[in-house]
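4 protein chains.
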Amino acid sequence: MKRKICFVITSKIHYSRSKLILEELKKNKNIELQIVVGGSAILEHYGDVLSLMEGDGFKCDAKIAMTLEGGDSLAMAKTAGIGLSEFSTVFDNLKPDVVVVRADRYEVLSAATAAAYLNIPVAHIEGGDITGTIDESVRHAVTKLAHIHFTTNDISRNRVIKMGENSDYVFNFGAAELEMVALNDFEATNEYINYIGVGSEVDIDKSYLMVSQHPVTTEIGQNRRNIEETLEAIHELKIPTVWFWPNIDAGTSEVAKGIRAFRENRNLDHVRFIKYIPPEEYIGLLKKASVLVGNSSSGIKESSYTGTPVVNIGTRQDGRMRAENIVDVGYNKKEIKEAIEKQIAKGKNEASNLYYQPGTAKNIADTLANIKLYTQKSFKE
Amino acid sequence: MKRKICFVITSKIHYSRSKLILEELKKNKNIELQIVVGGSAILEHYGDVLSLMEGDGFKCDAKIAMTLEGGDSLAMAKTAGIGLSEFSTVFDNLKPDVVVVRADRYEVLSAATAAAYLNIPVAHIEGGDITGTIDESVRHAVTKLAHIHFTTNDISRNRVIKMGENSDYVFNFGAAELEMVALNDFEATNEYINYIGVGSEVDIDKSYLMVSQHPVTTEIGQNRRNIEETLEAIHELKIPTVWFWPNIDAGTSEVAKGIRAFRENRNLDHVRFIKYIPPEEYIGLLKKASVLVGNSSSGIKESSYTGTPVVNIGTRQDGRMRAENIVDVGYNKKEIKEAIEKQIAKGKNEASNLYYQPGTAKNIADTLANIKLYTQKSFKE
Amino acid sequence: MKRKICFVITSKIHYSRSKLILEELKKNKNIELQIVVGGSAILEHYGDVLSLMEGDGFKCDAKIAMTLEGGDSLAMAKTAGIGLSEFSTVFDNLKPDVVVVRADRYEVLSAATAAAYLNIPVAHIEGGDITGTIDESVRHAVTKLAHIHFTTNDISRNRVIKMGENSDYVFNFGAAELEMVALNDFEATNEYINYIGVGSEVDIDKSYLMVSQHPVTTEIGQNRRNIEETLEAIHELKIPTVWFWPNIDAGTSEVAKGIRAFRENRNLDHVRFIKYIPPEEYIGLLKKASVLVGNSSSGIKESSYTGTPVVNIGTRQDGRMRAENIVDVGYNKKEIKEAIEKQIAKGKNEASNLYYQPGTAKNIADTLANIKLYTQKSFKE
Amino acid sequence: MKRKICFVITSKIHYSRSKLILEELKKNKNIELQIVVGGSAILEHYGDVLSLMEGDGFKCDAKIAMTLEGGDSLAMAKTAGIGLSEFSTVFDNLKPDVVVVRADRYEVLSAATAAAYLNIPVAHIEGGDITGTIDESVRHAVTKLAHIHFTTNDISRNRVIKMGENSDYVFNFGAAELEMVALNDFEATNEYINYIGVGSEVDIDKSYLMVSQHPVTTEIGQNRRNIEETLEAIHELKIPTVWFWPNIDAGTSEVAKGIRAFRENRNLDHVRFIKYIPPEEYIGLLKKASVLVGNSSSGIKESSYTGTPVVNIGTRQDGRMRAENIVDVGYNKKEIKEAIEKQIAKGKNEASNLYYQPGTAKNIADTLANIKLYTQKSFKE
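Residue numbers (my numbering), protein chains in the order written: chain A, 1 to 381; chain B, 382 to 762; chain C, 763 to 1143; chain D, 1144 to 1524.
I should point out that these hints are in silico values taken from the structure, not numbers from a laboratory. Don't take every hint at face value.
[What the hints assert, rightly or not] Here are the simulated distance ranges between beta carbons:
#1 SER378/A <-> GLU568/B: 35 to 41 Å
#2 LYS1142/C <-> ARG225/A: 56 to 62 Å
#3 LYS1000/C <-> SER588/B: 37 to 43 Å
#4 SER378/A <-> ASN751/B: 55 to 61 Å
#5 GLU572/B <-> SER378/A: 42 to 48 Å
#6 THR756/B <-> LYS1238/D: 31 to 37 Å
#7 GLU1197/D <-> ILE196/A: 39 to 45 Å
#8 CYS60/A <-> LYS1170/D: 17 to 23 Å
#9 ARG384/B <-> LYS1145/D: 32 to 38 Å
#10 GLU413/B <-> LYS95/A: 37 to 43 Å
[Unchecked claim] PhoX-like mimics (lysine-lysine), calculated; alpha carbons at most 20 Å apart, straight line:
#11 LYS821/C <-> LYS95/A
#12 LYS1142/C <-> LYS1206/D
#13 LYS656/B <-> LYS821/C
#14 LYS362/A <-> LYS287/A
[Claimed, not checked] Where chain A lies over chain B, by a calculated footprint (3+ residues, C-beta under 8 Å):
#15 492-499
#16 607-614
Even glycine gets a Cβ: it sits at the ideal position worked out from N, Cα and C.
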């Protein structure tokens, strides 16, 4: 009988980064792939992942509506609760042999907790990293609920083992999203970029910036002020810019309000705003960008391989290993502006192998197909 | 302004074991004590904790109904989800400075997760222990969400630090429930024991057994068969016995069904069944018992200090430090019976200080009142 | 394309009473039958409806765990909320053309509300009756959310039309549970009755009573005292009795506590207690019983056709049409005792056609298959 | 002891329309006023009702986060379920003697159901009206759960009685929102209108239109196309316009998307968009408007008294009594445009007393303070 592997997708970026793994799982003869889509991934105004998946030949086995309006900490906490209750029902009906979750968003803790309580082994991708925000706590809590660990680098692998996990079940196969970058020759076009999104046209055959700055959940109340520093810097630089809308998280409403108010009252006519872009186009854009600005993890991971210069703002990526392409700055217009100028002057970097390994997706799929499963965890001294 | 400390109670035994700490928190001048009662603690047929608390002079600031019927894994998982959503609402209204949770039941993960998402520091009592069942995963996941740790022994303290917690925030003040035993001269009387509960009268001035065997959540489907081995052993021994009803957990319905069916169809007229007993009477009973049989943590912790001989059955307490008073056996009538006979022959043990320290409750309360609080966690290498 | 008819089952008795309809829906060539089972129907200790259904050749398309522990009004209200949220998810996935609900339990309002919000037409069986408890409000609220009405008698049909429903969509085909009684020659045997349940053996070849008394949700706080009057009456009469355990509802814990305490402290050794009995055996038992005592609707409906003498206690069935077989009494030991004695003296009644019509189930199924569906309701003056 | 009256507010417009009643309840000496705020009323981007209330001297006793993201039928249905569960907890803690709900939004059914299950009498304002959308079903279902009815006109009063309600508990004191209009001399200023909202400046000292068009929940999938007809008409007319953002409801995302896309791609530089406006300014604006366009109930009720010409589009207000000020049209650019031109030509109407009575708010408050309360409903033939 085929092993039933249930893959959980809870955001657009999560889908993008997992596509190679999904493909390997789908073509593995010993695996029956189940896909559960929940959280912001089913909300159309955050990018329609369901149609995207369908276009890519994947079937959604269950859809979970769980995201409470509010964009604050309370909404996030209650959403996680609703999600835990809903994932339980779904897993109880699908009866998977393994549930696979990825990274550290709050929906991920819901899914991992549901599976663990139902005695279904949990596989966790990207554990052991260190960052800021509530993600830092969630990621390690998921590690302690999970049975199989796919870290993206050796330092993280060692951390997971140090936390008491069985080293036979902790793997470092590299980061699947970097394999996607390495295997493909993604390109973004002016035509496409200026078809999606709103705001000014941007010519990406010339020099341009990308901005992707998400709220920091442990800095509630300050996210609007923080985004305004970036807005001011971009406003003053007048360099053509592609700006990505923030993820849903506690604090999203603060960031969104900051951007909306600035857009209404100030001139940002060199900026194009985009809510969702397929991963192929995002990588294409990243490869040609003069600088990526903000606090996206793509600045740490994907950019280490594409060599894109990054200005990383604030605390969200604190603790993650960095390649040579990154300059860290605080929430400060002047610092941000100067760092962008410095990065433009310095130019593109060499590809780093900090997070990249060939064969990531296949190694993960093969392991999921063949590893001996267990339910009762026990701390390894 | 006083620091608002919110103490979460989710089961009868949890209340019993926390009473000294609650008293210290209540009399500390720098603390405003909030108490939230949820889970099985508000269900009358599991022991009426609300009236008990009131009798002891404590006020319930919020009551949370969250326990789904079913007694299986699905009910447990969904209950945790409902709880996460409800605790979020309650904490958002009470706005505590610290939320205090204890041990490793599933409701505890709900409360800790809610507080962490709301950026409220979490204090966790009894982290770092090792046991079986899903409690093992939940306990360590709570550790990774918590900011202040009160372990009950040094081995557990070291484990918590090894998991990446800041050693300045990890304390070993001993186990509060043992301090309660040490400070009081609890006594159980025939009159009281035969007033509560159902079944036969038991004379506790003569030799008697206690049985307390809870379901093992990772052994769903086998809990009925496992309890039947114990029932058979007790049935054959014919020694007067006080039997405690199991906690609500996945698998409770299996255990309950096993006991009910045995009681209807076989003769257990030397056994008295009790659903809830106040902690004072429980300890009084434990001190005089010939043997405690089952898998209760009171066999590991309280009994180490009272010196009560224990026959510990199965995997639920795997990994916990043991004093000299314990004999471990499998789910097997013969093994159980022989171990009980052996323990009766051997008799009472010396008090061990494995889990006991003087001043536990006061040290915890003082620390909660004075320690510098923080929100953003970061893994200590 | 076949019309997808989704039938909702939320209690054991609901399943029993709907079996003929389910069979007609299943064999209708224009219908694809979907069955959703939720509420107490999935709780094993209230009777295992899922296995029963499977044995009868029906498939459960979705299972909904929604029942909160507590047995009080709060648990009932929150259960309805959880149910509304869960039914929504299930209907959104199953995409039925019509949702069929029956009667007036709180889970029924959840299912009808979910369907109505999702723009799925709702068919309601047994609307327009008048009774006591919260059921009275729930039944009429469901009528105002429903699009197709299958009442069981003409008085109820007229009431539904008076409430503003379109008379073309309000039918009286009689009560399906009476058709089941009419079509079958059900028999209960001593062997079976004394195999299930607990307590004393009862010889049903001689004279015996049946008791079925549920809590009244609008009399919270008085249900224990009320059941005690019945217990006292049965205790004094000493006639062999088969006693059915109450449904889950607000107040169930009061009734259950009353029965349990009486059983522990007083002598009821002429009584057998049964939690669940298949409908066939129940009807078999009802046909031979000397008197049915309590407040079950089977005393009003089924007994009108079987002619069984009934002592109906209290307010729960207030307002329902009665045949000649019923004597109404208050919550009073003396009244109950005397009425039972009087009914035994009077003996069996003629079958009444008050609620019975031939062809009920087939008429309902045919209507569901062929009627023109609509979504937007509008009050008919 | 004072009677505890708990008033439920679930949207900005609901607050606005209830202010006079809240004031009367607050100053009544026999009443202790409790206010519960939930649903979209606590979402800042739909207008910050909490600060507004505070500014008006009211205290929020409990805040309920319940609104699921999605803007579709599923989100609405699940939101109602979450709300039912949350209102139950809140009412169980506040223990009101009466819960007051108003109108027909989905959150209102949640609150009424929660109260009814908890045996708390429900008072319902604005029952018995007839309209389109799911509101039609919800309004009448709430009537069947409610114990006291405050209708706004005699036709509605008769309908409520016809549905089986006790006429001693069904009152027509007129519409409180019209009393507010009658008692005050509200004025809107250019300064204020052009301070709030986004888009072009509008000079309200000259002729202007107002647009307020909400989604129709039973026309899911067509709401975007429908709003586009209105957008085209307004676009062609080029008359200065104040456009109000739609309420949260199933279909809101369709309407919002239609407006956003039109705004990005077409020229609407004679239009100002407003998300929330206090009731005083709204009425001020309504009194001076040349025409109110859309499907807001303020076109039916408030405008009957202010005499504002109204072009009512589509089915949402079907069945409501109309004064002379209304022209009804379909979802059709041409019809809408011609009707607007016709209404401008005809000009302002006389005040109608169709929905207005003096003393509405005081009569409601006095009745709530003094009426004999009851719990068990029973259908009046």
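Checked hints:
For SER378/A and GLU568/B, the Cβ-Cβ distance of about 39 Å falls inside the hinted range of 35 to 41 Å, so the restraint holds. Hint check: LYS1142/C to ARG225/A, Cβ distance near 58 Å, so the stated range 56 to 62 Å holds. Checking the proposed 37 to 43 Å range against LYS1000/C and SER588/B shows it holds: the Cβ atoms sit about 41 Å from each other. Taking 55 to 61 Å as the suggested C-beta distance range, the pair SER378/A and ASN751/B does not conform, at roughly 36 Å.
GLU572/B and SER378/A have their C-beta atoms about 44 Å apart, which keeps the hinted 42 to 48 Å range intact. Between THR756/B and LYS1238/D the C-beta distance comes to about 35 Å, which sits within the given range of 31 to 37 Å. Between GLU1197/D and ILE196/A, the C-beta spacing of about 42 Å keeps the proposed range 39 to 45 Å intact. The supplied range of 17 to 23 Å is broken by CYS60/A and LYS1170/D, whose beta-carbon atoms lie about 56 Å from each other.
Hint check: ARG384/B to LYS1145/D, Cβ distance near 34 Å, so the stated range 32 to 38 Å holds. Taken as a hint, the range 37 to 43 Å is violated for the pair GLU413/B and LYS95/A, whose Cβ atoms sit roughly 47 Å apart. With a C-alpha separation of about 17 Å, the suggested pairing of LYS821/C with LYS95/A holds against the 20 Å cut-off. Our distance criterion of 20 Å between C-alpha atoms is broken by LYS1142/C and LYS1206/D, whose separation comes to about 38 Å.
A threshold of 20 Å between alpha carbons decides the hint, and for LYS656/B with LYS821/C the separation of about 38 Å lies outside it, so the pair is violated. A C-alpha spacing of about 25 Å is found between LYS362/A and LYS287/A, which places the hinted pair above 20 Å, so the restraint is violated. Counting residues of the stretch 492-499 of chain B whose C-beta sits closer than 8 Å to any C-beta of chain A gives 5, which meets the bar of three, so the coverage hint holds. Check result for the stretch 607-614 of chain B against chain A: violated, 0 residues qualifying (beta carbon to beta carbon below 8 Å, three or more required).
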